[in-house]
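Please work from the sequences and hints to get the whole structure.
So you can see what is in the structure, the chains are spelled out below.
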Amino acid sequence: MSIYTAVKVMLQTMSTVADADITYGQRNQTSATFPCLTYLVDSIEDLSLGSTPLRKCTLTIKVYSLVSALEAVTISADVVTAVATGTFDSIVFQGVAQVASILDEPTSGDGEETNPFICTTTAQIYYQA
Amino acid sequence: MASTSSVASFTYNSVTHAAVGSCAISSQRPVIDVTYIGSYNTYSAAGLLSTALTLDVFIDCTSHLTLLTNLADAEIPRAFTVTFVAGDTITGTAYVTGFDASIVSGDVSRASFTLVCDGAPTFDGNVAVKGGSEPA
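Chain order of the listed sequences is Y and H.
For reference, each letter of the first sequence is one residue, going 1 to 129 in my numbering.
For reference, each letter of the second sequence is one residue, going 1 to 136 in my numbering.
Treat the hints as calculated values from the structure; they're not laboratory data.
All values reported here derive from a predicted model rather than from experimental measurement.
Note that beta-carbon positions come from the ideal geometry of N, C-alpha and C, so glycine has one too.
Among the clues, some could well be false.
To be verified - Simulated restraints on C-beta separations:
{"no.": "1", "chain 1": "Y", "residue 1": "Gly95", "chain 2": "H", "residue 2": "Asn41", "range": "54 to 62 Å"}
{"no.": "2", "chain 1": "Y", "residue 1": "Thr85", "chain 2": "H", "residue 2": "Ala52", "range": "29 to 37 Å"}
{"no.": "3", "chain 1": "Y", "residue 1": "Thr60", "chain 2": "H", "residue 2": "Ser105", "range": "17 to 25 Å"}
Here it is as structure tokens:
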């Protein structure tokens with residue numbers, strides 16, 4: 001039971017990205033298919049007194065699409081829906097705040113090929129653990 | 001010795017409150033100036049001790065019901081305990097005298113409570129507060 005697996009369990013409620021394509025921090029470049037998604041817990045801080053304090057973690061979730069920017073944005077809308085209160089891996093997410101998505105600037109590779117379109121969602125999750 | 005917030009707690013009316021972001025207690029004994037006319041120095045007497053508490057919480061009306069109830073009835077001071085670490089406490093009785101709550105777009109709800117101590121608090125169970133046992 002950890003916040004990392006709890007976030008993964010929460011994101012697995014999405015139907016638009018396969019479980020195997022939801023990875024921590026980096027894309028699985030050898031076996032992942034597109035669209036895929038990475039998530040990162042940027043920070044964790046204690047907010048209240050006690051041995052099981054209320055905590056806040058900041059998440060960064062990136063959706064990668066080979067097809068189009070629109071697909072990345074559409075799946076990110078699913079991410080925003082998936083980031084919600086509830087119990088995941090026995091951790092209760094009490095509150096979700098500042099959830100927002102932004103489409104990253106498109107980039108090209110060295111051979112001028114189009115890199116995946118990326119839409120980044122950030123969120124804050126308040127949980128007790 | 002430094003103690004961490006993980007072993008701290010705030011209890012009011014026998015309820016240990018959840019989601020307390022911070023708990024501050026302030027005891028002040030203002031000095032009374034008793035300098036006599038013509039004196040070359042100031043003279044003072046210890047004034048009356050007053051104690052107030054401020055709680056910042058992530059508000060949840062169920063979890064913080066005892067505080068809200070006391071604010072509403074406003075007649076009975078209830079026992080409180082601020083625990084810094086087991087054995088290091090400040091206890092007393094207090095009224096809830098203030099409540100401010102807010103919710104900002106895209107954020108979680110927060111609130112603060114103000115409590116005013118009724119009579120003398122007890123520091124650490126060992127420190128005798130003058131006037132702790134008031135004359136009848």
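Hints, one by one, checked against the model:
1. Y/Gly95 <-> H/Asn41: 54 to 62 Å: Holds, since Y/Gly95 and H/Asn41 (Cβ atoms, about 58 Å apart) stay within the stated range.
2. Y/Thr85 <-> H/Ala52: 29 to 37 Å: holds, 34 Å
3. Y/Thr60 <-> H/Ser105: 17 to 25 Å: Given a distance of about 21 Å, which is inside 17 to 25 Å, the answer is holds.
In this structure, none of the earlier numbered hints is contradicted; all agree with it.
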